[in-house]
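Starting from the structure of chain A, add chain B where the hints point.
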Amino acid sequence: MSPTSPRRAAVLGGNRIPFARQFGPYANASNQDMFTAALEGLVARYGLGGERLGEVVGGAVIKHSRDFNLTREAVLGSSLAPETTAYDVQQACGTGLENAILVSNKIKLGQIESGIAGGVDTASDAPIMVTEKLRRKLLRVNRAKSTAEMAKKLLAIRPTDLGIETPANTEPRTGLSMGEHMAITAKKWGITREAQDELAAASHQNLAAAYDRGFFDDLMTSYLGLAKDQNLRPDSSVEKLAKLKPVFGKGEGATMTAGNSTPLTDGASAVLLGSEEWAAEHNLPVQAWFVDGEVAAVDYVHGDEGLLMAPAYAVPRLLARQGLSLQDFDYYEIHEAFASTVLSTLKAWEDEDFCRDRLGLEKPLGSIDRSKLNVNGSSLAAGHPFAATGGRIVASLAKMLHEKGPGSRGLISICAAGGQGVVAILEGA
Amino acid sequence: MAQQETFDSAPTLAKVFVRAALAGKKSGSTLPASELVLKGHTVDREHLLDYQRLCGFGVDDVLPHTYPHILGFPLQAELMARKAFPLPLVGLVHVENVITVRRTLTADDVLDVSVHAEDLRDHPKGRQVDLVTEVSVDGESVWSGRSTYLARGRGNPDAERGTEAPPIPTGVAAAQWRLQGDLGRRYAAVSGDVNPIHMHPLTAKAMGFPKAIAHGMWTSARVLAALGRSVNGPSTSHVWFRKPVLLPGSVDLVVDRGSQPVVAGLRSTRKPETEHLVLTFARR
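If you read the sequences in order, they're chains A and B. For the first sequence, UniProt numbering gives the first residue as 1, with consecutive numbering after it. For the second sequence, UniProt numbering gives the first residue as 1, with consecutive numbering after it.
Chain A with its partners taken away, still in its complex shape (with noise of 0.2 Å):
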């Protein structure tokens, strides 16, 4: 039985504030004010000041505990109705991506009628952990019921103990970083330095050349000053890049610099959804559809898949539901978590033995047409605020599909820490 999609799910628009490198202009901001300014801004450009939505799904990878109810904190602090109703989520880099689906599930089953997706992520203001040793002993002083039984206790922790840690953007079950990971996977995949160098030029060019011609005046609101994304070099070259030493990989053969890798970065994106109804009761055009996601993941512990390479067993998946080959695109956001993740993702879907043996495929997805991929730039010259990604690529790629025409698509993937992807197609209306 084929699933039957009783209505449409609508974009409507979208809103981030630019993104900023860590412990540049929003080092002093939240992720609870990111989010209600990009909330903020988006409620003011479409006129959504009182309206109780169906709900806003929102979320950060780096949270502090008392950020337990961050999106819903964030709804009662914008201009949104308080009955407005908000979770969070948290898939890691693939957070933004999921909350759309979340969002545009409910709204084809009519559950709700409109609700905001979006997310957030701080690398300037992250909490701070002591050390796991120090972390139980001040627990057992708390938990302490006379002040000899917590000056017991106190007396037991050494300085050896004492300590903070940060959030570090490491696999808990490899002890490797990402870009560590990554490297592996771009060595397997064969990806150049010049390719990898190449593609993020190409990103920082096409990011700059949308600022040019306008793209992001209305999907953008500046905050505490920036108006662009600080991260963008529009004099970026592939001459330049070459100069950048690796920073991932070891030895002869590294191919992974600061330059083709994506920096910490601050940010909040949300995207507005709703359904074909709501649209017109609000007199909002629907920019695209929603039409479908799917989400893989991959056993990068003892398998021997790359930690990044779950987009390319989720795209399969979803082209095979929807009944349509990787050629049946106009666009292609595939999230630059790294240049090489991209690279070594449409490498793989052009190796015969890879979906053959992988995806299970008679053939090929074969390659795509690389003058249709991340046309407007993407995180390499954007900068990646982990769960704000999804949200940014989701409204940009909407506007992208309307000003094509209905009927256009648009294919996104996000690869994710954990080994998880998450992908979907939108269609231009």
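Just so you know, these hints were derived from the structure itself, not from any lab. Keep in mind it's a predicted model, so treat the numbers as computed, not measured. Any given hint might turn out to be false.
[What the hints assert, rightly or not] The calculated lysine to any residue pairs, modelled on SDA-like cross-linking and capped at a C-alpha distance of 25 Å, are: (1) A/Lys228 <-> B/Thr104; (2) B/Lys125 <-> B/Thr104; (3) A/Lys228 <-> B/Glu46; (4) A/Lys228 <-> B/Pro86; (5) A/Lys228 <-> B/Asp44; (6) A/Lys106 <-> A/Glu281; (7) A/Lys228 <-> B/Asp108; (8) A/Lys188 <-> A/Phe354; (9) A/Lys245 <-> A/Gln230; (10) B/Lys211 <-> B/Glu164; (11) A/Lys228 <-> B/Gly58; (12) A/Lys228 <-> B/Asp50; (13) A/Lys187 <-> A/Asp330; (14) A/Lys372 <-> A/Val291; (15) B/Lys211 <-> B/Pro201; (16) A/Lys228 <-> B/Val43; (17) A/Lys188 <-> A/Pro263; (18) A/Lys228 <-> B/Lys125; (19) A/Lys363 <-> A/Lys404; (20) A/Lys228 <-> B/His47; (21) A/Lys137 <-> A/Gln111; (22) A/Lys228 <-> B/Val62; (23) A/Lys137 <-> A/Thr160.
[As the list claims (entries may be wrong)] Partial list, derived from the structure: chain B residues whose beta carbon lies under 8 Å from chain A: (24) Arg45; (25) Leu54; (26) Gly58.
Glycine included, C-beta positions come from ideal geometry on N, C-alpha and C.
Positioned in the frame of chain A, the structure of chain B alone reads:
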């Protein structure tokens, strides 16, 4: 005709207070005609962020309803510390404050801030004066504030008390805030208002208070922040300060949203009959 005096940067309040403390006895029944002007003030974003955080406003590019007040306050103090000003600065009690926001202001607006004194008048408990702060952007009047101060002394029992505050809303608290002992010092660091009554229990005792007291304009800003984002848009607020908030301490926020304008109040958590402020707020 007002005499304009232009400042390139705001006067340092610590110096103003010292000067005022040494100024000696003041008298007279006329106000100085001076208008003190701070021209072309660009908002310091770090300062704005500190203010937003401390008062409970969202951290973004919009200037809080009460923010321009702290830009004008150093000019107010400078004017009131002068020999020509008939009332003593030290000991003045801030009793009322009215703010009108004509348009939403952002951190990108370059502000001209001017302050003058007007309407010196008798009060049953002494004498009152209004310090008027006008803020404009490119000649357009965007924000006005009127701060009423009372100098306790020989009053005139027949004098008018001014506009009556509405009764403080009753019922359960909408929120309860535990205020730390260092709140006065923290607000002083942001606002520059280093009046000893706010700084430390000992300096407050020297001035006749049992403990350090919260700045009135912090309490009013905190209440406005709790009313939601619309306070930063075109609107008018009127606050009447009652009993000071002793630090540390707990206060209850009470709000009546059903009335027009909205009425909010701050009362003591421990002794609900102690009212700290009553505030009305209306969007324009």
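We went through each hint and held it up to the structure:
Distance hint between lysine 228 of chain A and threonine 104 of chain B is fulfilled; the C-alpha atoms sit about 23 Å from each other, no more than 25 Å. Restraint check for lysine 125 of chain B and threonine 104 of chain B: the C-alpha separation of about 38 Å exceeds 25 Å, so the hint is violated. Taking the CA atoms of lysine 228 of chain A and glutamate 46 of chain B, the gap is near 19 Å; set against the 25 Å cutoff, the hint holds. Of the supplied pair hints, the one linking lysine 228 of chain A and proline 86 of chain B is violated, its CA atoms being roughly 52 Å apart against a limit of 25 Å.
For the hint pairing lysine 228 of chain A with aspartate 44 of chain B, the CA-to-CA distance comes to about 20 Å; that is within 25 Å, so the pair holds. This hinted pair checks out: lysine 106 of chain A and glutamate 281 of chain A have alpha carbons roughly 19 Å apart, not beyond 25 Å. Distance restraint check for lysine 228 of chain A and aspartate 108 of chain B: the Cα-Cα separation of roughly 15 Å lies within the 25 Å cut-off, and the hinted pair is therefore satisfied. At most 25 Å may separate the alpha-carbon atoms for a hinted pair to count; lysine 188 of chain A and phenylalanine 354 of chain A meet this at roughly 12 Å.
For a cut-off of 25 Å, the pair hint linking lysine 245 of chain A to glutamine 230 of chain A stands: about 22 Å separates their Cα positions. About 29 Å separates the Cα atoms of lysine 211 of chain B and glutamate 164 of chain B, which puts this hinted pair outside 25 Å; it is violated. For the proposed pair lysine 228 of chain A and glycine 58 of chain B, the alpha carbon gap of about 21 Å is at most 25 Å, so the pair holds. The suggested pairing of lysine 228 of chain A with aspartate 50 of chain B holds, with an alpha-carbon distance near 24 Å, which does not exceed 25 Å.
The hinted pair formed by lysine 187 of chain A and aspartate 330 of chain A fails the criterion: a straight-line CA distance of about 30 Å is larger than 25 Å. With a CA separation close to 19 Å, the supplied pair lysine 372 of chain A and valine 291 of chain A stays within the 25 Å bound. At most 25 Å may separate the alpha-carbon atoms for a hinted pair to count; lysine 211 of chain B and proline 201 of chain B meet this at roughly 4 Å. As the CA atoms of lysine 228 of chain A and valine 43 of chain B are separated by approximately 20 Å, the hinted pair is consistent with the 25 Å bound.
A hinted pair counts as satisfied when its Cα atoms are at most 25 Å apart, and lysine 188 of chain A with proline 263 of chain A qualifies at roughly 23 Å. Proximity of lysine 228 of chain A to lysine 125 of chain B is assessed by CA-CA distance (about 57 Å); at most 25 Å being required, the pair is judged violated. In summary, the hint linking lysine 363 of chain A to lysine 404 of chain A is not supported, as the alpha carbons are separated by about 30 Å, beyond the 25 Å threshold. This hinted pair checks out: lysine 228 of chain A and histidine 47 of chain B have alpha carbons roughly 22 Å apart, not beyond 25 Å.
The suggested pairing of lysine 137 of chain A with glutamine 111 of chain A is violated, with an alpha-carbon distance near 47 Å, which exceeds 25 Å. The hinted pair formed by lysine 228 of chain A and valine 62 of chain B meets the criterion: a straight-line CA distance of about 18 Å does not exceed 25 Å. At roughly 12 Å between alpha-carbon atoms, lysine 137 of chain A and threonine 160 of chain A fall within 25 Å of each other, so this suggested pair holds. Because the smallest distance between the Cβ of arginine 45 of chain B and any Cβ of chain A comes to about 6 Å, under 8 Å, the interface hint for this residue holds.
Interface hint status for leucine 54 of chain B: violated, as the beta-carbon distance to the closest one in chain A is roughly 13 Å, over 8 Å. The interface hint given for glycine 58 of chain B holds, since its Cβ lies 5 Å from the closest Cβ of chain A, which is under the 8 Å cut-off.
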